[in-house]
Amino acid sequence: QQQVKQSPQSLIVQKGGISIINCAYENTAFDYFPWYQQFPGKGPALLIAIRPDVSEKKEGRFTISFNKSAKQFSLHIMDSQPGDSATYFCAASNSAGGTSYGKLTFGQGTILTVHP
Amino acid sequence: DAGVIQSPRHEVTEMGQEVTLRCKPISGHDYLFWYRQTMMRGLELLIYFNNNVPIDDSGMPEDRFSAKMPNASFSTLKIQPSEPRDSAVYFCASSFRVGTNQPQHFGDGTRLSIL
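Line by line, the protein sequences are chains A and B. Position one of the first sequence corresponds to residue 1 (the numbering used here), numbered consecutively onward. Position one of the second sequence corresponds to residue 117 (the numbering used here), numbered consecutively onward.
So that you can see chain B by itself, here it is in the shape it has in the complex:
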């Protein structure tokens, strides 16, 4: 079975441009998480969904960030307008709830550079 698929793997764009990151979770998983990883702040949870519904977006840094999950097999994280401080690796993860504490499966991330 394919793992979590993220695209693009790398994105370089200029400040002020709109950036869209994409994620396809593992089929059957009903939880989807978006994380940001930087050297300074480590791994931060931005937002997560359950059955396509956003449950907790308290980690979204500001209004420039938005995330959607239109269906069970696709999610996007959008930054508009982008700023250099948004440069980071963005990970998507998914999990399946059977009982409790199911592992989160991570994609290989999108390395975002804002010039």
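Chain A on its own, in the form it takes in the complex:
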């Protein structure tokens, strides 16, 4: 019930195209859904995050869409650029406190390659 399932494992997109990565979760107590971006040799870095009281959040070319009833959320990268090539992780956590606070459960990651 703590799993977050991410797909696809890898994605190849042409420059200017739209990249879409999907995640699904089971634990209805999750109330915070961040996306992290990781470049080779670096640690993951927070890209964008959403809480379930909104269905969409946009920051520049990056948008999270959230479907609470389906327990799914996705990352859309508009006008994808070669510099976006990285591994993307979705994650989820429960902010109810106690030992579960801040404990992120990560998806398996998606390797995105954007061809010039």
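Keep in mind that the hints were calculated from the coordinates and are not lab data. The C-beta atom is built at its ideal place from N, Cα and C for all residues, glycine as well. Please note that the accuracy of each hint is not assured.
Label pairs and their calculated CB-CB ranges [as the list claims (entries may be wrong)]:
(1) GLN196/B x GLU26/A: 33 to 43 Å
(2) THR129/B x ASN27/A: 30 to 40 Å
(3) THR28/A x ASP173/B: 17 to 27 Å
(4) LYS58/A x PHE212/B: 24 to 34 Å
(5) PRO52/A x GLU130/B: 14 to 24 Å
(6) LYS57/A x SER182/B: 36 to 46 Å
(7) PHE190/B x LYS68/A: 36 to 46 Å
(8) THR113/A x GLY158/B: 12 to 22 Å
(9) GLU134/B x ASP53/A: 45 to 55 Å
(10) ARG201/B x VAL54/A: 34 to 44 Å
(11) PHE212/B x ALA29/A: 21 to 31 Å
Following the hints, put chain B in place on chain A, whose structure we already have.
Relative to the frame of chain A, chain B by itself:
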């Protein structure tokens, strides 16, 4: 402000040796997390601390692994004795709790190879 600092960046050692990984969190952050990343298992949370106190160590794989946080600016993850299956990238992350859901800031990791 400096980010999370991990050392060493790379460690190669022989099976059976003791390995110590080090982490300096961002100043003022009161949560510290240790993760392990492998191709097979992805990013796994090993243990996390709040105000230097271990809160949840349920992800620590076995007794060979131990973690300490003697003060707010330093933490160690120790493996003794090390085994080839411990080879992975180990990340430390820290966060600051103001309200809820503060982002975790990751270091650049320690790439550990056990021969």
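Results for each hint:
1. GLN196/B x GLU26/A: 33 to 43 Å: holds (36 Å)
2. THR129/B x ASN27/A: 30 to 40 Å: Given range 30 to 40 Å: holds, Cβ gap about 38 Å.
3. THR28/A x ASP173/B: 17 to 27 Å: Check passed, 26 Å falls within 17 to 27 Å.
4. LYS58/A x PHE212/B: 24 to 34 Å: At 25 Å between Cβs, range holds.
5. PRO52/A x GLU130/B: 14 to 24 Å: violated (48 Å)
6. LYS57/A x SER182/B: 36 to 46 Å: holds (39 Å)
7. PHE190/B x LYS68/A: 36 to 46 Å: holds (41 Å)
8. THR113/A x GLY158/B: 12 to 22 Å: holds (19 Å)
9. GLU134/B x ASP53/A: 45 to 55 Å: holds (48 Å)
10. ARG201/B x VAL54/A: 34 to 44 Å: At roughly 42 Å between Cβ atoms, VAL54/A and ARG201/B fall inside 34 to 44 Å, so the hint holds.
11. PHE212/B x ALA29/A: 21 to 31 Å: For ALA29/A against PHE212/B, whose Cβ atoms are near 23 Å apart, the range 21 to 31 Å holds.
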